[in-house]
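4 protein chains.
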Amino acid sequence: MEQIPLFERLGGRDGIRAMAERLLENHLQNPLIATRYANGSMDREQLVDGATEFFCTGLSGVPTYEGRPLADVHTGMNIDDAEFVAVLDDAIAAMGSLGVGEREQAEVLHILYSMKGDVVRL
Amino acid sequence: MEQIPLFERLGGRDGIRAMAERLLENHLQNPLIATRYANGSMDREQLVDGATEFFCTGLSGVPTYEGRPLADVHTGMNIDDAEFVAVLDDAIAAMGSLGVGEREQAEVLHILYSMKGDVVRL
Amino acid sequence: MEQIPLFERLGGRDGIRAMAERLLENHLQNPLIATRYANGSMDREQLVDGATEFFCTGLSGVPTYEGRPLADVHTGMNIDDAEFVAVLDDAIAAMGSLGVGEREQAEVLHILYSMKGDVVRL
Amino acid sequence: MEQIPLFERLGGRDGIRAMAERLLENHLQNPLIATRYANGSMDREQLVDGATEFFCTGLSGVPTYEGRPLADVHTGMNIDDAEFVAVLDDAIAAMGSLGVGEREQAEVLHILYSMKGDVVRL
Chain F
1 MEQIPLFERL GGRDGIRAMA ERLLENHLQN PLIATRYANG SMDREQLVDG ATEFFCTGLS
61 GVPTYEGRPL ADVHTGMNID DAEFVAVLDD AIAAMGSLGV GEREQAEVLH ILYSMKGDVV
121 RL
Chain V
123 MEQIPLFERL GGRDGIRAMA ERLLENHLQN PLIATRYANG SMDREQLVDG ATEFFCTGLS
183 GVPTYEGRPL ADVHTGMNID DAEFVAVLDD AIAAMGSLGV GEREQAEVLH ILYSMKGDVV
243 RL
Chain P
245 MEQIPLFERL GGRDGIRAMA ERLLENHLQN PLIATRYANG SMDREQLVDG ATEFFCTGLS
305 GVPTYEGRPL ADVHTGMNID DAEFVAVLDD AIAAMGSLGV GEREQAEVLH ILYSMKGDVV
365 RL
Chain A
367 MEQIPLFERL GGRDGIRAMA ERLLENHLQN PLIATRYANG SMDREQLVDG ATEFFCTGLS
427 GVPTYEGRPL ADVHTGMNID DAEFVAVLDD AIAAMGSLGV GEREQAEVLH ILYSMKGDVV
487 RL
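Each protein sequence line maps, in turn, to chains F, V, P and A. When we follow the numbering used here, the leftmost residue of the first sequence carries the number 1, and every step to the right adds one. When we follow the numbering used here, the leftmost residue of the second sequence carries the number 123, and every step to the right adds one. When we follow the numbering used here, the leftmost residue of the third sequence carries the number 245, and every step to the right adds one. When we follow the numbering used here, the leftmost residue of the fourth sequence carries the number 367, and every step to the right adds one.
No wet-lab data here; the hints were simulated from the structure. Heads up, some of the hints might be wrong.
[As the list claims (entries may be wrong)] Dumping the calculated DSBU-like pairs for lysine-lysine here, alpha-carbon to alpha-carbon at most 35 Å:
{"hint": "1", "chain 1": "A", "residue 1": "482", "chain 2": "F", "residue 2": "116"}
{"hint": "2", "chain 1": "V", "residue 1": "238", "chain 2": "P", "residue 2": "360"}
{"hint": "3", "chain 1": "F", "residue 1": "116", "chain 2": "V", "residue 2": "238"}
{"hint": "4", "chain 1": "P", "residue 1": "360", "chain 2": "F", "residue 2": "116"}
Let the sequences and hints guide you as you build the complete structure.
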């Protein structure tokens, strides 16, 4: 089991897309985050596509993500620690509701946390 | 002195515009706020114009402000208390550097603070 | 009216004590602050006494406050901007419910705000 | 390797104590946390002892921790997300400087994160 890549353990592109969809649903219910989507400037389908390809690229090594660098995407948003923690909470809840294993949850949390510098207060 | 309106005590439109300009300069130097302007989507001249007319309208009663309601402007920005406090700090510093009197500073602070509900976490 | 000191306009020691009591009541209802009192280490009567004498000293010039300096009192509490804003909200609500005038509210807010450096993140 | 318990992979009690010591050192250098220790009410040796036994109890199953429940310890401290994130940052830095493996770091981060409810805003 040690050798199976996280990408496969998460169910490949389909599993990752399901997580991205659930994550966005959670964000839209989360009062600390939902306002980000209130002005209608972000298309939901596009957000799920972008997140899916971003994570598939990182985990599979196949460069399908064509969006802007993570740091660019968050420039000007002034995201703080509380909002970042809300994102992590939503991600953990999404994985839990989809039955992702504890070990995979820990690895995903670790990866997400490592991106904090590109998300918070740029 | 009690009867002189705050609008006049602040130096009318010119005084208010000077405060708006100084405030934006402070914001651009303030690490808690400056990132908001990092993506270049906001024109500085336009920001000063908008702030000037917004406050002139509120203080003089002459409706020259043609922008969107304050709450609309901040929708989706997810501004939190720390960022709002940074705005107040910059406003107080701007008034101090322009020699605005203590009493006027208190009145302006009170007015700005009363707008918190339209700025923070909509 | 310009000449009447704020201390008198707030109703002297009695008025200030009423504000301190109402403020503490509000804090105990405020989820952002109430936890501070959860461990029972702070006596409520003592808190009201301290706040009353602190403000009477500052506003009347008669040095009846015998407590520690404000900065000392808050050392180690790690109070952040959000909690400080919650205090200001409670103070404004307290003054409003006691019928304190707009001008006095503005002056008190200005004074409280000027103490931020001794309260937040020491 | 899958079967080796995290307790052993972290180097047992000695490894965990080294992490607790490094973590406290990092906290004392971290401006978002250091003020918590500024009033001298917390003994450093005691803090390291407590953290060591707390984690050894959780990871080894041998109940050597005799302190108060985690939620009790943090009651009244009003710790927010930003301070909690600062703790996680310090923990990751501590593990990195001690050469703890990526997988172990992910598992520890996951465990720490799961304690958020007992640490933040009780």
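*Does the structure keep residue 238 (chain V) and residue 360 (chain P) at a Cα separation of 35 Å or less?*
holds, 17 Å
*Below or equal to 35 Å on CA atoms is what counts here, so check residue 360 (chain P) against residue 116 (chain F).*
holds, 29 Å
*asked:* Run the distance test for residue 116 (chain F) versus residue 238 (chain V): straight-line Cα separation, threshold 35 Å.
replied: holds, 28 Å
*asked:* What's the verdict on residue 482 (chain A) and residue 116 (chain F), does the C-alpha distance respect the 35 Å limit or exceed it?
replied: Holds - the C-alpha atoms of residue 116 (chain F) and residue 482 (chain A) are around 17 Å apart, at most 35 Å.
In terms of the numbered hints stated before, the structure departs from none.
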